[in-house]
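Participant: So you can see what is in the structure, the chains are spelled out below.
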Amino acid sequence: RKEVEQDPGPFNVPEGATVAFNCTYSNSASQSFFWYRQDCRKEPKLLMSVYSSGNEDGRFTAQLNRASQYISLLIRDSKLSDSATYLCVVNTGRRALTFGSGTRLQVQP
Amino acid sequence: ETGVTQTPRHLVMGMTNKKSLKCEQHLGHNAMYWYKQSAKKPLELMFVYNFKEQTENNSVPSRFSPECPNSSHLFLHLHTLQPEDSALYLCASSQRIAGDANTGELFFGEGSRLTVL
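Residue numbers (my numbering), protein chains in the order written: chain Y, 1 to 109; chain H, 1001 to 1117.
If you are wondering where the hints come from, they were derived from the structure by calculation, not from laboratory data.
Quantities reported herein were computed from a predicted structural model and do not represent experimental measurements.
Glycine included, every Cβ here is placed at the ideal spot set by N, Cα and C.
Hints may contain errors.
[What the hints assert, rightly or not] Pairs of lysine-lysine, DSS-like flavour, derived with a Cα cap of 25 Å: (1) Y/K2 / H/K1019; (2) H/K1052 / H/K1019; (3) Y/K2 / H/K1040; (4) H/K1018 / Y/K45; (5) H/K1052 / H/K1018.
[To be verified] Covered stretches of chain H (in silico footprint by chain Y; criterion: 3 or more residues with CB under 8 Å from a CB of chain Y, positions within the stretch not fixed): (6) 1037 to 1044; (7) 1060 to 1073.
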């Protein structure tokens, strides 16, 4: 089983739509969780951290379910500029972060 | 200056060549990393350096040889590579090592795209 598993997509949605991505992780000792964004042919950048209580940053909401080892990212009112690959990232307490393969989002006009 | 710079951005080499990738961070961070990104695969951690000391070698073949002369510079020396080593090699840095203190922010360079013929 992969350490961090994501649906690769692509998710094709119209502008203004709400879209949700899910991610599961295998290591129950994982300590912290993040979503990164990677634009085409660019480097990954931190989008937001994911807290147990859930957290929101503008149109983006992240949720963590430790019991089910599941993380989600919800994007409301999608913009064309949201088109990117979204990487689920887990800190398992080892020396570096573990990345999922990413979910590709394409927002269409 | 951008936070993490990598050179060269593109590299084409034959299997018998020796080349090096360079990474420099201007953020005053203490930890630096090499990741490999192949198409449709997750980022694969290769090496981790913390205060210039290598703390992780993720079972990387010896044809990849890292060097960290100081906390700001990281190299990846390449020799006798295989075509399957063609990928995007990403350097990253963080204030503290990513396994400690729940830090989640890695700052990546734009990567060096390597093609092995």
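Participant: Could you run down the list of hints and mark each one as holding or not?
Facilitator: Consistency of the hints with the structure:
no.: 1; hint: Y/K2 / H/K1019; result: violated, 32 Å
no.: 2; hint: H/K1052 / H/K1019; result: holds, 21 Å
no.: 3; hint: Y/K2 / H/K1040; result: holds, 14 Å
no.: 4; hint: H/K1018 / Y/K45; result: violated, 31 Å
no.: 5; hint: H/K1052 / H/K1018; result: holds, 23 Å
no.: 6; hint: 1037 to 1044; result: holds (count 4)
no.: 7; hint: 1060 to 1073; result: violated (count 0)
Against the hints set out earlier in the document, violations occur for numbers 1, 4 and 7.
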